[in-house]
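> Here is how the chains run, residue by residue.
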Amino acid sequence: MNSGISGAAMTSAGAMAAGRKPRRQVSQPMAAFALLTPVVLLFGLSVIYPLFETIRISFWQIRGLGKPSYVGIDNYVRLFTDPTFLGTLWTTLIFTLGVTILSVSIGWFLAMLCAFAPKQTAVFRLMIFATFGISEAVAGYIWIGIFRPGESGLLNGMLIAVGLGDWSQAWLGSGTSALVALIVAASWSAVGLPLLLSFAAVQTIPRTVLEAAQMDGAKPLAVVWYIMMPLSTAGARVAIFINLLSALRAFDIIFVLTNGGPARATETVGFFMYRESMTQFNLGYGAAATIVLLVAVLIVAIPAIAQRTKGAK
Amino acid sequence: MVYRAPRWIIIVVGIIACLWVVPIIGIIATSFQTPESIARGWWHFSQNQLTLNAWKKVWSDYPLANSLWVSTKVTLLATVLTMLTAPAAAYVFHYLRFPLRRTSLIIIINAFVLPQQVVIIPLFRLWREMGMLDNIWAVIIPYVGLSYAWSVFLVKSFLEDFPNDLIEAARIDGCGPISTFTRVVLPNLISPIFACGILQFLWCWNSLLLPMLFLRNDVTLTVLLARISGTYDPNIDQQAVAAIVTAIVPLLVFLIFQRQFAVGNRVSSGGKE
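Just so you know, the sequences run in chain order Z and G.
Per this note's numbering, the very first residue in the first sequence carries number 1; after that it's consecutive.
Per this note's numbering, the very first residue in the second sequence carries number 1001; after that it's consecutive.
To be clear, the hints were calculated from the coordinates, so they are not data collected in a lab.
Wrong hints could be hidden among the right ones.
Claimed, not checked - Some chain Z residues judged to face chain G by a derived CB distance under 8 Å, without partners named:
no.	residue
1	Pro29
2	Leu36
3	Pro38
4	Ile57
5	Leu89
6	Leu93
7	Leu97
8	Ala122
9	Gly165
10	Val180
11	Arg264
Said to hold, decoys possible - Each pair of labels, with its calculated beta carbon distance range:
no.	chain 1	residue 1	chain 2	residue 2	range
12	G	Ile1025	Z	Ile160	32 to 38 Å
13	Z	Ala234	G	Thr1072	35 to 41 Å
14	G	Leu1252	Z	Thr37	48 to 54 Å
Every value quoted in this text rests on a predicted model; they were computed, and no experiment measured them.
C-beta: ideal position from N, C-alpha, C; glycine also.
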């Protein structure tokens, strides 16, 4: 506040010279109320209310439009004895870790390679980063074309072209290969962010360090391993966190590419809750699964929440 | 001495980048070929014929034009509403003092971890009771409400570097809290507001879950694409056109505004330079 005095004095003199009278001021709480009302209403309606309502519903049995009945923690007990849901938890773990590891390691490695020649690789970075602007729905659709059975699928077509035609198959037809396909497809569009963030982090390394390494005769891969990687972990950490969260919450790409199949082998918790509540109309059961997802997300997000809470002044 | 990059690095990055866009080239090529050519594989360019058939037929076979209109309407309204309301909230939280200020700020900026799945059951029941299903506001309201978690945070981060002198000067000149906001702060917030707008535009246009559940007859492009991409629909050439139409708008926005996007992303992810 003190820092403002000199500037304030000058401008107030200016205002008096212009002959303006100070107007009656609205009190701060009043102004806050007026400006915040739309935000509070919309936030309350689309975040606070649904959050508490989902928690409440998870203790009820609600089937479609039928009469709800209070069942206590039965929904949760059922979830953790339901082999389908336990399989879903496993799938969620593999999918989330798979997408995060694959996308961050590719993005980070590419970012370090690009840092050797930032100007010459600008177009290439943009080509890869552009997939980030493509929706999961479109990405899912695009990858259907690649994993299509028969010779019209690109992957099968490539296998046939290199003489491995025997390996061609319906990639989305078996549980294991469908899950791998899903991870590859989701990673394709998730590489952009780690590339962007890691590249920004690598760029902060002084050029002189790289030049010194080259004068000492370090090979590019040694520079990557001993200099760039340790000095750009900050960017990669943020990317790991964001990709972990979004993979954990994924829905769109699963819905379009595999629809949870075959035989529910690619259903994650975020998809399971959709299937239970919106196609089977077990709203209470679906809500309980949602709360399990929420708890998982919160556990992953604890450091970020702590950081934001500390920084909230 | 200047660091000289070995040529092979540029070549490796180039090859990976080209591999990365192959799937995109795939749907573009598919959209210009006949169903027989697609069955053979779109990459057999020498044998396949090009045709504009799918691009002509798709508009009558699928409600693509209508979905384009719905997507545009929903996305623009949600984007403008976020751009109008989030800066006001950021200003209030940063400069005004009122009861429960810090508590509500902490709740809002931490809501970014919330999965969309948490929203759908309660809102589905609420919209059904209110007869709001199939109304575009059923989607726009949660789009805007969910955006505050990051949009308020993004604008507020920008305000941390805002010169306090200006606020003081405005106060002494007789500006109340509201006119300080509209006359002094708002004109200086153009770049974070645009960053919010671009992020919100991309996110809303690309969303699938909420419009799929809350809209029935007039659906957005992503929902239309998800509906027709099932295995039962044989018109792969026309699906490809729908996919391109769905992807092209956010891709253009993204490419044109990528610089602002990078700025917004850096701030919203908590890293500061």
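> Each hint needs a verdict: does it hold in this structure or not?
Cross-check of the supplied hints:
Interface restraint check for Pro29 (chain Z): the shortest CB-CB distance to chain G comes to about 4 Å, inside 8 Å, so the restraint holds. Look at Leu36 (chain Z): its Cβ gets to within about 5 Å of chain G, closer than 8 Å, so that hint holds up. At its closest, the beta carbon of Pro38 (chain Z) sits 5 Å from a beta carbon of chain G; the interface hint therefore holds under the 8 Å criterion. For Ile57 (chain Z), the interface hint holds, the least distance from its beta-carbon to any beta-carbon of chain G being 6 Å, beneath 8 Å.
Checking Leu89 (chain Z) against chain G: minimum C-beta separation of about 15 Å lies over 8 Å; hint violated. Checking Leu93 (chain Z) against chain G by beta carbon gives a least distance of about 16 Å; that is not within 8 Å, so the hint is violated. At its closest, the beta carbon of Leu97 (chain Z) sits 17 Å from a beta carbon of chain G; the interface hint therefore is violated under the 8 Å criterion. A cut of 8 Å between beta carbons decides the hint on Ala122 (chain Z): the least distance to chain G is about 10 Å, and the hint is violated.
Interface hint at Gly165 (chain Z): violated, since its Cβ lies 13 Å from the closest Cβ of chain G, which is beyond the 8 Å cut-off. Look at Val180 (chain Z): its Cβ only gets to about 16 Å from chain G, farther than 8 Å, so that hint breaks. Because the smallest distance between the Cβ of Arg264 (chain Z) and any Cβ of chain G comes to about 17 Å, over 8 Å, the interface hint for this residue is violated. In this structure the hint that Ile1025 (chain G) and Ile160 (chain Z) lie 32 to 38 Å apart at CB is violated, the actual value being about 19 Å.
Between Ala234 (chain Z) and Thr1072 (chain G), the C-beta spacing of about 38 Å keeps the proposed range 35 to 41 Å intact. Checked against the hint of 48 to 54 Å, the pair Leu1252 (chain G) and Thr37 (chain Z) fails, with Cβ atoms roughly 35 Å apart.
The structure is inconsistent with the numbered hints 5, 6, 7, 8, 9, 10, 11, 12, 14, although it conforms to all the rest.
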